[in-house]
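Q: Build the full structure now, drawing on both the sequences and the hints.
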Amino acid sequence: MFEVSDCISKVKTLNRRDLLIFLIPFIVFTLYLYVFNPGILAFDSYNQLHQIATGQFDSWHPFFHTFIEMMCLKVYGSPASVAVLQIVTFSAFWMIICKYNRDDSQNGKKTFAIQLIITLVIALIPINPIFSLNLQKDILFSYLLLMLCFMMEVLIDRRANVGYSFAIVLSIVLAFIAQLRYNGMVLVLVFLVILAIWMYLKNTDIRLVALIPALTIVFILLIASLNIAYDVEEHRDDALCLMVGHMLADYDMNHKIDASDEAKLHKFVDKNKSIKYYNVLWKDPTRNNILHKDVWKEDKGTYIKMAIDYSFKHPMHFITYLLNAAPIVWQITRDADWQHANGGVYNTNNTGHRDGFYDKRNKTPAADFDNATSVNIGTPQYDALNNWVNFAKDNIVLDTIFDSPALYMYLAIIILVVLFWITRLRDLWLIYLPNLLNIAIVFVSIPAQLNRYLYPNLLVCYLLVIILVGILIRRKAEAV
Numbered sequence: 293m294f295e296v297s298d299c300i301s302k303v304k305t306l307n308r309r310d311l312l313i314f315l316i317p318f319i320v321f322t323l324y325l326y327v328f329n330p331g332i333l334a335f336d337s338y339n340q341l342h343q344i345a346t347g348q349f350d351s352w353h354p355f356f357h358t359f360i361e362m363m364c365l366k367v368y369g370s371p372a373s374v375a376v377l378q379i380v381t382f383s384a385f386w387m388i389i390c391k392y393n394r395d396d397s398q399n400g401k402k403t404f405a406i407q408l409i410i411t412l413v414i415a416l417i418p419i420n421p422i423f424s425l426n427l428q429k430d431i432l433f434s435y436l437l438l439m440l441c442f443m444m445e446v447l448i449d450r451r452a453n454v455g456y457s458f459a460i461v462l463s464i465v466l467a468f469i470a471q472l473r474y475n476g477m478v479l480v481l482v483f484l485v486i487l488a489i490w491m492y493l494k495n496t497d498i499r500l501v502a503l504i505p506a507l508t509i510v511f512i513l514l515i516a517s518l519n520i521a522y523d524v525e526e527h528r529d530d531a532l533c534l535m536v537g538h539m540l541a542d543y544d545m546n547h548k549i550d551a552s553d554e555a556k557l558h559k560f561v562d563k564n565k566s567i568k569y570y571n572v573l574w575k576d577p578t579r580n581n582i583l584h585k586d587v588w589k590e591d592k593g594t595y596i597k598m599a600i601d602y603s604f605k606h607p608m609h610f611i612t613y614l615l616n617a618a619p620i621v622w623q624i625t626r627d628a629d630w631q632h633a634n635g636g637v638y639n640t641n642n643t644g645h646r647d648g649f650y651d652k653r654n655k656t657p658a659a660d661f662d663n664a665t666s667v668n669i670g671t672p673q674y675d676a677l678n679n680w681v682n683f684a685k686d687n688i689v690l691d692t693i694f695d696s697p698a699l700y701m702y703l704a705i706i707i708l709v710v711l712f713w714i715t716r717l718r719d720l721w722l723i724y725l726p727n728l729l730n731i732a733i734v735f736v737s738i739p740a741q742l743n744r745y746l747y748p749n750l751l752v753c754y755l756l757v758i759i760l761v762g763i764l765i766r767r768k769a770e771a772v
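Going by our numbering, the sequence shown opens with residue 293, and the numbers climb by one from there.
It is worth saying that the hints were derived from the structure and are not from the lab. Glycine included, C-beta positions come from ideal geometry on N, C-alpha and C. Careful, some of the hints might be misleading.
[To be verified] In silico PhoX-like links for lysine-lysine, alpha-carbon gap of 20 Å or less: (1) Lys548 to Lys605; (2) Lys556 to Lys592; (3) Lys401 to Lys366; (4) Lys589 to Lys563; (5) Lys563 to Lys548; (6) Lys548 to Lys589; (7) Lys589 to Lys559; (8) Lys548 to Lys568; (9) Lys401 to Lys768; (10) Lys556 to Lys597; (11) Lys768 to Lys402; (12) Lys585 to Lys597; (13) Lys605 to Lys556; (14) Lys568 to Lys589; (15) Lys568 to Lys585; (16) Lys605 to Lys568; (17) Lys563 to Lys585; (18) Lys559 to Lys585; (19) Lys366 to Lys402; (20) Lys605 to Lys589; (21) Lys568 to Lys592; (22) Lys585 to Lys565; (23) Lys556 to Lys585.
[Said to hold, decoys possible] Derived Cβ-Cβ restraints for the label pairs, each shown as a range: (24) Met608 to Leu311: 15 to 23 Å; (25) Asp660 to Arg499: 48 to 56 Å; (26) Tyr492 to Ile460: 55 to 63 Å; (27) Asn668 to Leu306: 55 to 63 Å; (28) Lys563 to Arg718: 49 to 57 Å; (29) Asn453 to Lys655: 36 to 44 Å; (30) Glu526 to Leu503: 13 to 21 Å; (31) Trp352 to Arg718: 41 to 49 Å.
A: Structural data, given as structure tokens:
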């Protein structure tokens, strides 16, 4: 059986190769942090930091992520502490992945050389160090999703013959994913059902099959109890309201709504404002200008039913709507009208986000850390690095090669096919399942062409490359 003790014994035997794999992203990302100190703070980041500074918490963002930031700030009172946590998390996860897929006792030298090159390339691709400094919840979520996919590799290797300690670690990872992003709960619940069926079909001990979902739910509830302990106020947009409203506004503008339903619809979706403000690619105009949320609260069931009915009535338009609302999922190149697709990621000057948050909310910073902005802005090193990352973002070729979630999704599928052809393992799909669920959720949820929602596409593709390299080298050695 595979036990966490197996991992611990490997950690005790960490060698110089492991240290080098860890240090490459750690050093590169830390250099970025030194230049862009205290990190890359978006509007959402200042919202969370201000909650921590005032001690008044709400659920605009998952409180678990706010809690993690609060713990980091207790250790070191700067947003940079959160970035350090993310840098260490990625570097450690990546070291574990590389170590697992390398046999140092046999062909480790050649495998290590290739892993070293891959790791260096990953560290030098701008989006990876930039994202490690981004304080939004999606970054830790992405790292944990990478770890979940890796744990599925281990589960397949062990033919689902794992121990209880593995089940505990897996349950913790799943609980963290569920609580770091609101749609993470949907991902985890669907994944647990599929995983339980797969493990049952593999004749896994039924107690273990039941233990993983049971422990996951327990850990989720424990994390959720933090909301009660810290008196978190329920104060967030109804995501379902925005999803339904955005869809119905599209159906209305494309003349798919029957005349008998128009009057009812226009109580919720303002027809005149839809004509003026509606943007199929971006959610904010709909949320801020078009929807009457008080009407939604009173009669949400009617509008949910309306959206479902018209989606079944016009299935081709429903598919067209999804494709138009989420091109970042399937389109390799980024169009110029994808608002905020990379702007928020590469906006290393925090001043605009800080001023925007405090001006819009009519609030005043309550501590040094919730008023923090770029320390080195205007210095030669800042300008040089900032120019490089923005050049990579604005160059369509580099942006596509480095950043495109769709490109990495297609590459991952190709690699999976190659892996299946080489190994004949039918269960390899399980490695990509968590990311596939994330893609599906992003595809059908609120329209926003944001790379951070699909950042796991890149990370899981990197994982598959490491797996492929390890298998190819082992197969070549066995053939000699």
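Q: So, for every hint listed, does it hold in this structure?
A: Hints, one by one, checked against the model:
no.: 1; hint: Lys548 to Lys605; result: holds (9 Å)
no.: 2; hint: Lys556 to Lys592; result: holds (12 Å)
no.: 3; hint: Lys401 to Lys366; result: violated (42 Å)
no.: 4; hint: Lys589 to Lys563; result: holds (19 Å)
no.: 5; hint: Lys563 to Lys548; result: holds (14 Å)
no.: 6; hint: Lys548 to Lys589; result: violated (24 Å)
no.: 7; hint: Lys589 to Lys559; result: holds (12 Å)
no.: 8; hint: Lys548 to Lys568; result: holds (19 Å)
no.: 9; hint: Lys401 to Lys768; result: holds (14 Å)
no.: 10; hint: Lys556 to Lys597; result: holds (12 Å)
no.: 11; hint: Lys768 to Lys402; result: holds (11 Å)
no.: 12; hint: Lys585 to Lys597; result: holds (17 Å)
no.: 13; hint: Lys605 to Lys556; result: holds (18 Å)
no.: 14; hint: Lys568 to Lys589; result: violated (24 Å)
no.: 15; hint: Lys568 to Lys585; result: holds (18 Å)
no.: 16; hint: Lys605 to Lys568; result: violated (27 Å)
no.: 17; hint: Lys563 to Lys585; result: holds (15 Å)
no.: 18; hint: Lys559 to Lys585; result: holds (10 Å)
no.: 19; hint: Lys366 to Lys402; result: violated (43 Å)
no.: 20; hint: Lys605 to Lys589; result: violated (25 Å)
no.: 21; hint: Lys568 to Lys592; result: violated (24 Å)
no.: 22; hint: Lys585 to Lys565; result: holds (14 Å)
no.: 23; hint: Lys556 to Lys585; result: holds (14 Å)
no.: 24; hint: Met608 to Leu311: 15 to 23 Å; result: violated (55 Å)
no.: 25; hint: Asp660 to Arg499: 48 to 56 Å; result: holds (51 Å)
no.: 26; hint: Tyr492 to Ile460: 55 to 63 Å; result: violated (20 Å)
no.: 27; hint: Asn668 to Leu306: 55 to 63 Å; result: violated (34 Å)
no.: 28; hint: Lys563 to Arg718: 49 to 57 Å; result: holds (52 Å)
no.: 29; hint: Asn453 to Lys655: 36 to 44 Å; result: violated (54 Å)
no.: 30; hint: Glu526 to Leu503: 13 to 21 Å; result: violated (32 Å)
no.: 31; hint: Trp352 to Arg718: 41 to 49 Å; result: holds (43 Å)
Hint violations for this structure: numbers 3, 6, 14, 16, 19, 20, 21, 24, 26, 27, 29 and 30, all remaining hints satisfied.
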